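Asker: As a plain string of letters, each chain reads:
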Amino acid sequence: MGHPFRDVAIVGVHNTKQARVLEGHDSQSIALEAALGAIADAGLEPRDIDGVVGGIASNFLFQSRIGPAWRSMSPLGIPAVIEGAMAIACGLANNVLIATGEAGSYRQHASTAPWTRPTNEFVAAYGMFTAAEFALMARRHMHMYGTTPESMAHVAATIRNNGHVNPEAVYFGRGPFTAADVLESRMVADPFHLLDCAMTSEGGTALVLTRADRTEDTAKLPVFLLGGGTDHFGPSYQHPPVWDLGGVRRPDLVAGHVGRRAAEEAFAAAGLGPSDVDVCEFYDPFSFELIRQFEAFGFCAEGEGGDYVMSGVIEPGGRHPITTDGGTMSFSHGGASVQLFQRVIRGVQQLRGECISSQVHGAEVAMCTGGGSGALFTDVLLLGKDRP
Amino acid sequence: MSLLVPQAGDIPLPQPGPLSEPYWQGCREGVLRFQRCLDCSAATHTPALLCAACASRSLEWVESSGQGEIYSWTRVWRPVTPAFVTPYVPIIVAMDEGWFILSNLIGCEDDAVAIGQRVEVVFHHSGGSDDIFLPYFQLVP
Chain A
1 MGHPFRDVAI VGVHNTKQAR VLEGHDSQSI ALEAALGAIA DAGLEPRDID
51 GVVGGIASNF LFQSRIGPAW RSMSPLGIPA VIEGAMAIAC GLANNVLIAT
101 GEAGSYRQHA STAPWTRPTN EFVAAYGMFT AAEFALMARR HMHMYGTTPE
151 SMAHVAATIR NNGHVNPEAV YFGRGPFTAA DVLESRMVAD PFHLLDCAMT
201 SEGGTALVLT RADRTEDTAK LPVFLLGGGT DHFGPSYQHP PVWDLGGVRR
251 PDLVAGHVGR RAAEEAFAAA GLGPSDVDVC EFYDPFSFEL IRQFEAFGFC
301 AEGEGGDYVM SGVIEPGGRH PITTDGGTMS FSHGGASVQL FQRVIRGVQQ
351 LRGECISSQV HGAEVAMCTG GGSGALFTDV LLLGKDRP
Chain B
1 MSLLVPQAGD IPLPQPGPLS EPYWQGCREG VLRFQRCLDC SAATHTPALL
51 CAACASRSLE WVESSGQGEI YSWTRVWRPV TPAFVTPYVP IIVAMDEGWF
101 ILSNLIGCED DAVAIGQRVE VVFHHSGGSD DIFLPYFQLV P
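These protein sequence lines are chains A and B, in that order. So in the working numbering, spot 361 of the first sequence is number 361, and the numbers just go up one at a time. So in the working numbering, spot 16 of the second sequence is number 16, and the numbers just go up one at a time.
Careful: at least some of the hints might be erroneous.
Covered by chain B, according to a simulated footprint, are these stretches of chain A (three or more residues, beta-carbon under 8 Å) [what the hints assert, rightly or not]: (1) 112-123; (2) 135-142; (3) 176-189; (4) 232-241.
If we take Cβ atoms under 8 Å as the criterion, some of the chain A residues that face chain B in the derived model are [claimed, not checked]: (5) TYR126; (6) GLY127; (7) MET128; (8) PHE129; (9) ALA132.
What the hints contain is simulated information worked out from the structure, not anything from laboratory work. Given the structure is predicted, the values throughout are model-derived calculations rather than measurements. C-beta atoms are modelled at their ideal positions from N, C-alpha and C, and glycine is treated no differently.
Bound-form chain B, shown alone:
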């Protein structure tokens, strides 16, 4: 067993684009954002021009509760690059507002992960000179 922590090495960091900048700006402010359709109220992620449910272009950025449950997970022992410390635990979280996000689970032992567990977002700065704050998830106590 080992305690899961944010990656601290020289990992590949996001380079926000025009569509995704509001998302990453939210992360800098400690807020997880997603897009909601003004016509049908459906949630959309990753950042898009069209509503995933009705293809409307009327999307607005809204704040997520940051809470959801683990939908699927894996535990990686062969790192994608040497910069990653293993084990790390990629998860898909089904957010309470009805959208899915890919992240890593932190703050618990690696064998504590299971589908259906409640999790909440927590942000971590990469530690470098960039201004990227990555959303991770931890188990809700």
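So here's chain A without its partners, still in its complex pose:
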């Protein structure tokens, strides 16, 4: 049997303008703008689309009258990309559009963003939200391995400096930052300072997948899915985020290592390992999460993630540069789902060699991720320039 995604390629990507507030937009309008941008980037026309993913994409389906068409409800980042690829691989669609956007849903900041605090009878009364959930994982790791706030701050400063030099980032020009700047910012949820945390913003994003045998018609270099996987332990933010939460799948895979199985499967499908990854477009809800991901994915041993990120590998010019557009800390965090797609968008841009900042020269393999331990899920996607 050949590679499951041999006949699939990503041919269009687009981020709309990202901003703290996008005046004159709502979630529908900014998502549609993203959709049209990705279709144009692919060199296609709206009528070429015959598959859509996500609730907002279906509005595009209606407005452009491309029905009857294949449609999925999958909303959240990498699983949606995998599902769109599966639809093409299975012959259910030829050109799949994935589009999402958010604007106007969080502009009063007295409370934390609505997507950070789902109601639940066992957590809500205790003041829980995403920063506290992820902090409980980070604190346990500090206890087990001696991981330091300085190593987390170094991650945050590195990512924020990538955004500082990216003209498309919401926080373009707001740095540069040192680890000391991060440690001196006000505390949000111990051990996370303000600058260890994602921001909130507004924006849209979209991508287009097509049949690999049709890429002669597309405008830009195709990018291929070398492997992918999703690891979930249950609903986010409803149960204590226990590092040692186990399951029956494999005794060595606890929630603290969520994403390890997905990475192993992705690397196996690609015939690659961590040392082959040229750019790490890792999801960055909180600084600690990158330390954890390097361990979970096998870039370093358990407990060594703090030393690993301090060893010169994650900066521009390092062997495994991270989150090169500035991620959710500096580029954008557009809501419940937008930013979960943007690691994939950036991975594609890196392999095309078209990044206007922090381009990794000669990048052949990008590893994109989503989710995180505090949310009890991590998704992984390996992208490459060569058809698998």
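Model the placement of chain B on the given structure of chain A, informed by the hints.
Answerer: Positioned in the frame of chain A, the structure of chain B alone reads:
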């Protein structure tokens, strides 16, 4: 430093469901309950239909000793909503019977928290017209 106390504001309170009502009824009676498997004796929380260890449906509600140790903690300075007074200290407690619970630490200074400290449950009524008693934890003297 500040003394950690139960939240007294208009915080979001639990709305017990069919699965969780025995748990919240226990809280009203001043008893912390969890589910134990009649087949394999494993403990399960949060309230479930299936045993977390063996997937048996034979679960019974039993009383916890209310004691355990702090497994992880954070200290929140940016409240989730304005109703919460900061700092507050979310903790995960590893209960002596082998289950985990999320709660807040109270009854001590905010910088007294550490992993491994012994804690015990204490119940507080919200102060409103509801009948919810929330389990909090305090350091064992």
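Asker: Have a go at the TYR126 of chain A hint: is there a Cβ in chain B nearer than 8 Å to its own Cβ?
Answerer: holds (5 Å)
Asker: Does PHE129 of chain A pass the interface check with chain B, least Cβ-Cβ distance below 8 Å?
Answerer: For PHE129 of chain A, the interface hint holds, since the closest Cβ of chain B sits about 4 Å away, which is under 8 Å.
Asker: ALA132 of chain A was flagged as interface toward chain B. Is the shortest Cβ-Cβ separation under 8 Å?
Answerer: holds (5 Å)
Asker: Using C-beta distances, would you say chain B covers the segment 112-123 of chain A, given that this needs three or more residues below 8 Å?
Answerer: holds (count 7)
Asker: If you take the shortest Cβ to Cβ gap from MET128 of chain A to chain B, is it below 8 Å?
Answerer: holds (6 Å)
Asker: Is the coverage entry for the segment 135-142 of chain A by chain B consistent with the three-residue Cβ rule at 8 Å?
Answerer: This one holds; 5 residues, not fewer than the three required, reach chain B with a Cβ under 8 Å.
Asker: Has the segment 176-189 of chain A got at least three residues whose CB is nearer than 8 Å to a CB belonging to chain B?
Answerer: Coverage by chain B holds here, the residue count being 4 at a Cβ distance below 8 Å.
Asker: State whether the coverage of the segment 232-241 of chain A by chain B holds or is violated, taking the criterion as 3 or more residues with Cβ-Cβ distances under 8 Å.
Answerer: With 4 residues in contact (Cβ-Cβ under 8 Å with chain B), the coverage given for the segment 232-241 of chain A holds.
Asker: Let me know if the C-beta of GLY127 of chain A comes in closer than 8 Å to any C-beta of chain B, holds or violated.
Answerer: With a minimum Cβ separation of about 5 Å from chain B (threshold 8 Å), the hint on GLY127 of chain A holds.
Hint compliance for this structure: no hint is broken.
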